[in-house]
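Peer 1: Residue strings, one per chain:
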Amino acid sequence: MSREKDAANYALVFFAVISVLLLLFPASKPAHTARIIVSYSLYPSLHYGAKYAYFVRNVPANFVALLETDQENRALKEKLRGLELRLHEASALEEENARLTREMRLSRALPWAGSWARVVNKTPSDWYGSFYINKGSKDGIAVNDAVLGMQEGRAALAGRVFEVYPEFSKVLLLTNAAASAVCAIAPAGFEALVEGKGTWLLKMNYVPEEAALAEGAELVTAPGGLLFPAGVPVGRVTKVYPRESFMNFITADVSPHVNVNTLKEVFVVRRALPRELAAARMEQE
Amino acid sequence: MRILLELALYLATGTAYWWWTQNLTFYGLAPNLIFAGALCAAILAGPVKAIAWGFFLGLYADMLGVSAFGGYALTYSLMAYAVYVVKRHFDMDSFFSQLVGALALSWLSMLFYMGLSLAFARINPTGLKIFLAEPFLNALAVPVVFQVFYLAKRRFGAL
Numbered sequence: 001m002s003r004e005k006d007a008a009n010y011a012l013v014f015f016a017v018i019s020v021l022l023l024l025f026p027a028s029k030p031a032h033t034a035r036i037i038v039s040y041s042l043y044p045s046l047h048y049g050a051k052y053a054y055f056v057r058n059v060p061a062n063f064v065a066l067l068e069t070d071q072e073n074r075a076l077k078e079k080l081r082g083l084e085l086r087l088h089e090a091s092a093l094e095e096e097n098a099r100l101t102r103e104m105r106l107s108r109a110l111p112w113a114g115s116w117a118r119v120v121n122k123t124p125s126d127w128y129g130s131f132y133i134n135k136g137s138k139d140g141i142a143v144n145d146a147v148l149g150m151q152e153g154r155a156a157l158a159g160r161v162f163e164v165y166p167e168f169s170k171v172l173l174l175t176n177a178a179a180s181a182v183c184a185i186a187p188a189g190f191e192a193l194v195e196g197k198g199t200w201l202l203k204m205n206y207v208p209e210e211a212a213l214a215e216g217a218e219l220v221t222a223p224g225g226l227l228f229p230a231g232v233p234v235g236r237v238t239k240v241y242p243r244e245s246f247m248n249f250i251t252a253d254v255s256p257h258v259n260v261n262t263l264k265e266v267f268v269v270r271r272a273l274p275r276e277l278a279a280a281r282m283e284q285e
Numbered sequence: 286m287r288i289l290l291e292l293a294l295y296l297a298t299g300t301a302y303w304w305w306t307q308n309l310t311f312y313g314l315a316p317n318l319i320f321a322g323a324l325c326a327a328i329l330a331g332p333v334k335a336i337a338w339g340f341f342l343g344l345y346a347d348m349l350g351v352s353a354f355g356g357y358a359l360t361y362s363l364m365a366y367a368v369y370v371v372k373r374h375f376d377m378d379s380f381f382s383q384l385v386g387a388l389a390l391s392w393l394s395m396l397f398y399m400g401l402s403l404a405f406a407r408i409n410p411t412g413l414k415i416f417l418a419e420p421f422l423n424a425l426a427v428p429v430v431f432q433v434f435y436l437a438k439r440r441f442g443a444l
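Read top to bottom, the protein sequences are chains A and B. Note that this note's numbering has the first sequence beginning at 1, numbered continuously upward. Note that this note's numbering has the second sequence beginning at 286, numbered continuously upward.
Honestly, the hints are just simulated from the structure, not real lab data. Possibly wrong hints are sitting among the right ones.
Keeping only pairs whose Cα atoms sit at most 25 Å apart, straight-line, the calculated DSS-like set for lysine-lysine is [to be verified]:
{"id": "1", "chain 1": "A", "residue 1": "Lys197", "chain 2": "A", "residue 2": "Lys264"}
{"id": "2", "chain 1": "A", "residue 1": "Lys264", "chain 2": "A", "residue 2": "Lys138"}
{"id": "3", "chain 1": "A", "residue 1": "Lys170", "chain 2": "A", "residue 2": "Lys203"}
{"id": "4", "chain 1": "A", "residue 1": "Lys51", "chain 2": "A", "residue 2": "Lys170"}
{"id": "5", "chain 1": "A", "residue 1": "Lys5", "chain 2": "B", "residue 2": "Lys414"}
{"id": "6", "chain 1": "B", "residue 1": "Lys372", "chain 2": "B", "residue 2": "Lys334"}
{"id": "7", "chain 1": "A", "residue 1": "Lys5", "chain 2": "B", "residue 2": "Lys334"}
{"id": "8", "chain 1": "A", "residue 1": "Lys5", "chain 2": "B", "residue 2": "Lys438"}
Calculated Cβ distances over 12 Å to all of chain A for the following chain B residues [unchecked claim]:
{"id": "9", "residue": "Met286"}
{"id": "10", "residue": "Ala335"}
{"id": "11", "residue": "Phe354"}
{"id": "12", "residue": "Asp376"}
{"id": "13", "residue": "Asp378"}
{"id": "14", "residue": "Lys414"}
The beta carbon of each residue, even a glycine, is placed where N, CA and C say it ideally should be.
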């Protein structure tokens, strides 16, 4: 320890003396020589430092530029997300616009007066049973009004108004197990009852055996059914069941023209109902 | 081999300080990496080598300046000796003691160098801004430089 201390003391004295000599005699020949030696020894490090400084000279500026680019990138990504969202909205609106234009053109050709309504709520537990529309008694909607859906360029029967509130109404779909409509089989004109089954298919009952019902036959609402205007397309026969031995009529499956899954707007037909139904309407209201 | 490594470390310290003052000054302020190097060498190396490092780093600083050639060499040599005395009583390896040590020794060495300059060259080279702000920058730089020097010592046997 003492030896180390001695060495430290000697070293300090040695270097301190040199330093002081350099300070005391800055213009002397030894000091000048020392200065030149130090300068020539150390300047190369500055020389090569300067020579290769361009590798690192722009590091701070590049770092700042990198940060700015990162911030800009984030802002642009955010903007892009917003624009993508707007694009989706715009394409949805465009699609809706085209559909409404098609439907409006179609509704002008319809022989019935009525108003358009938007489907606002479908209940998953009653998907083929009912839905709500955004028009109510304030818009002149009344109980038992026929509800048409527009699909594949034509109007077809979707159901009827079941409950009416001031701002909205509930529509009973034809596919509901409690719904039915008297239909005529084109072109013969035989009438039969089409009933909902709670699924995407309808069931046609009470078809006379001699009706010669075939798959693909078109069904329209019959003039005999008071609830719906006559001549509204309902669906197409997809399967005819043979007559059971204990029955004197045949049954068939019917595929409705209106697909509940793609229905967005409906046309509510306003018409003068027969007196009996109008009285029933008044009672309900 | 070890002497070459030490030489490289020495030149790298001086060049880094020069480059920093050329490119990375903030309101004209930069940490004195030569001071930090001298302090770290004084902490890590034995007394003779520490004083030699202080002296030669001081010469580097003198070479970069124009007044009182030998002033920094004397200042950093004395600082190395002071650290050698102090580190027998305090643990200078810890972060906090390095911060405090760097702060105190910065001011002491500045005052000492100013005195030398006034005595030998009749000029005061240190402005008030540098006198007030640089010790704090040095205090922040010393732990970083210490890690570099410590790595060089542990991995390559330098210092």
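Peer 1: Against this structure, judge whether each hint is valid.
Peer 2: Hint check results:
no. : hint                : result
1   : A:Lys197 x A:Lys264 : holds, 22 Å
2   : A:Lys264 x A:Lys138 : holds, 21 Å
3   : A:Lys170 x A:Lys203 : holds, 23 Å
4   : A:Lys51 x A:Lys170  : violated, 84 Å
5   : A:Lys5 x B:Lys414   : violated, 38 Å
6   : B:Lys372 x B:Lys334 : holds, 15 Å
7   : A:Lys5 x B:Lys334   : holds, 12 Å
8   : A:Lys5 x B:Lys438   : holds, 22 Å
9   : Met286              : holds, 20 Å
10  : Ala335              : violated, 8 Å
11  : Phe354              : violated, 5 Å
12  : Asp376              : holds, 18 Å
13  : Asp378              : holds, 18 Å
14  : Lys414              : holds, 21 Å
The structure does not agree with the numbered hints 4, 5, 10 and 11 stated previously, though it agrees with the rest.
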